[in-house]
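Trainee: Okay, here's what each chain looks like letter by letter:
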Amino acid sequence: MSVTLSKLSLRNARRQARDYLVYFGAMVMAAALLYSFNGLMFSEEILTLSKSMNQMPLLIVMVSIVVVCVFGWLVSYSTGFILARRSRELGTYLLIGLENRQVARLFFQENLVVGGCALALGLLLGSLLFQAMRAMVFALFGQAYHFSIAFSLSAAGLTAVYFVLIYLLALGRSRRRIRKTQICDLIYFDKRNEGALIGSGKKRRGLFAVSMVFGIVGALLMMAGDLTLGMVGAGCLIAFLYGFFLSFASAVPAFFDKCPARKYKGQRLLVFRTLTAKLATMGVLMATMSMIFTATLVSEGMGLVFRGIFVGRGAEKACFDLYIGTGGKEEIHREYLDYIDANISVVQCRQYSVYESGEARLIDYVKERETYNDYGYRGDPIIGYSDYAALRVLAGYETVEPIKDKYIIHCMSYLEGALKGYDEDLVLGGVALSFGGVHTEHFLQRYGEGNGYGFILVVPDEVAMACAVHHSAYAAKTSEPVSEGQYYDICAIREEVESRSGEYDAVYSKTAEEAEAASGTATAVFPLYFLALALTMTAATILTIQQLAESGRYKRQFDLLHRLGMDVGEMKKALGLQSAIYYAMPAIPSLLMGVPILLNLAKMPEPGIMVGWSSPAAVVGIAVGMFFLIYGIYILLAYISLRRNVLPEE
Amino acid sequence: MLRVKNIEKYYGSKNNVTKALDRVSFDVADGEFIAIMGASGSGKTTLLNCISTIDRVSAGDILLDGESIADIPSGRLARFRRERLGFVFQDFNLLDTLTVEENIGLALALNHEDPEEVSRKVGEMAGRLEIEDILGKFPYQVSGGQKQRAAVARAMVAGQSLLLADEPTGALDSRASKNLLEIMTRMNQSAGATILMVTHDAYSASYAGRVLFLKDGRIFNELLRGDRGRGIFYHEILDVLAAMGGDVSDVI
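So the protein sequences, as listed, match chains A and B.
Residues 9 to 658 in the working numbering are what the first sequence lists, from first letter to last.
Residues 3 to 254 in the working numbering are what the second sequence lists, from first letter to last.
Among the clues, some could well be false.
[Unchecked claim] Subject to a maximum C-alpha distance of 25 Å in a straight line, what follows is the list of computed DSS-like cross-link-like pairs (lysine-lysine):
1. A:K580 / A:K428
2. B:K217 / A:K15
3. B:K139 / B:K123
4. B:K7 / A:K15
5. A:K15 / A:K273
6. A:K273 / A:K581
Source of the hints: derived by calculation from the structure; they are not laboratory data.
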């Protein structure tokens, strides 16, 4: 017989991976996530998609540090939990003559084995995940994706370093704890009563009432839409969270005392007594879970907001293959045109002027109804019909009917509602013009050097030419996309022109803008989702470990209830309800806090770009949906596992 | 062999102190089989825990072969437990990832004894406890009585001189209890094992040569079996329990 410490560690590790499958699975996913993001960071192919992608490694490393801390906490919490659950077994090792340091080494080794297996499996899974992310990045840049088996040693090495950090930091604590512990603390750990942070029922009920007040005030302040009030509201909601979860366990019995008839209705007594028994000692943990879920929602929402900003801005600026708008009133500088003639295959182009009227009637009208910044226009921006029609052709839009005594408004889609209601006649240069409709295609209307700001009036050419020039512009359609190099060459010309004239011209190319939107999305959004996933997984894993750890107790309870005559169908309902409330409890406060934060975040960018799938409602809907998708998987797995392990056979 | 001198044990904090042991003194000679009886909360498990180094006394001294266990440095404590003390608990405390054989030999194997020597010792001890046929099984595959015999084997395989048993029959049916107690008696008589057993049960205690009765943390009485038969001793134990004033049913 040759049982060595290492063999024992291996057996225990196998059992730990089986008994705490959710935790093991979470660590496999942690390794897979870390590897796949490291893979992006080390992939030359990805980093050379655009110059803007050079920011990506720094952001991924910064987020990875936070994620390592989050997973470190998960490992630390889980090993502490496992240690407590196995305290009697560890005490037995001491009792049969092992030294504390040997037991500490045993526990350390078995966790390292679990971590090592999770890392190995995670690297395999991560390779597939990396392919999925590679495909997403290629799709963002509009490039064709081809599957290729690749394993990055650098990414795997960095993932291993992160894992070593996670495990060393977390296990160091357990190791110190075991080395210092007394046998009686371990042997009799499971016979001790768990301590509640606030002992007296009266204090708890008081705390419950106060926390509810904080909750209501906090929610109202968060809804107020003001940043300062919102921050105070968030503080109130955090106080509510901790107060509520620390006192909930005593509020339920108090409620039952006041309304004794209600407690016997349906499965209410069973469900709430089971819940309060669980929550009495995990109030701080539940509040922390709620905070983590809020951070998850904010992280996902921020990702969506950034995506909205990049996509919205990109779409508005990328409507022409090439566009140059002067910073002053002068014509387009010759250097630009010479470079374009010599280097870029232009199919069609247009040089034109954007004018402004002597009045700001439409600007004032819009300002009264929508968030609007005139961006330097003192009068309403104007363009001649011929130029407008030519620009529509260059942008690939449908042509519009010639106008004689009419004006058309071309605006960003967010102003459409307001401007459709403006059907007054305009008198420009002595010519009376009637309202001829609204168009809302992307038309480079987000900057002063573009085609108006937010909107532009399209009027007959002679009417436009009678107005003052605001700036000049050049737009072109090319047979080949303007390359990143050509774009930077034109930007260099702009620097020369600026140093000479002091005016800063706007230069946009479809390819550069699309690349910037894609790299911005990849650089900012991917790491935020990475963080959100890590947070959700950590919190959901801890909640599930806690829930499944009660399987034995629940089984005894349901066996007893079965003997007392309770129907299995009723038990299923009770278990389902108890699971639903248990998982909903930390999620609902996080929705109360997270949704107002997301709505405010989504309203922060300049008006007109957070529309469609990036509108505030969509941001909230998608962020909440994504969160519940991941969380729901955990809830479902935990419920299935509980049902299988706990309920008696029918 | 064992001398317990005026030991006291307190639990709790400044506002809520419980005196679990109050100036308890007694001696245990080599090869004795002693039972410690008392109602719940009388301090019997605390006494056993203090002797077994699981817990520490608040005052007084416990000497094993003349050496105070409080003076054993923490570095030597593991070796002391390994070589001198054997433990048996009510709920067995076997490790469920190990077979019965591995459970018995674990401490020897982890301390680098020759594997063949470990197997020999385990086999010999299993033979004495009549569990050779379950050595390859895991704890969840054997009965409660077999588990407890495996626990006794583990407690004695390294040649420990003192077996400390806390309610060893508490989780067993009457047949398994009788079987275990007979084996323990045999170990005591033929192998010279010194046994200190905490029990609620007068029937279990009647197998011992001497019974100490604890009440409210103090030794209330002491009963020696001498040459009397086990049946007579059993009734004498019941008489003492009745005289202790507690509910006899509480300790039967």
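Trainee: For every hint, state whether the structure bears it out.
Mentor: Each hint tested on the structure:
1. A:K580 / A:K428: violated (57 Å)
2. B:K217 / A:K15: violated (46 Å)
3. B:K139 / B:K123: The given pair, whose Cα atoms are some 18 Å apart, holds under the 25 Å limit.
4. B:K7 / A:K15: violated (43 Å)
5. A:K15 / A:K273: violated (53 Å)
6. A:K273 / A:K581: Distance ~13 Å between K273 (chain A) and K581 (chain A) Cα, so the pair holds.
Going through the hint list in order, the structure does not satisfy hints 1, 2, 4, 5.
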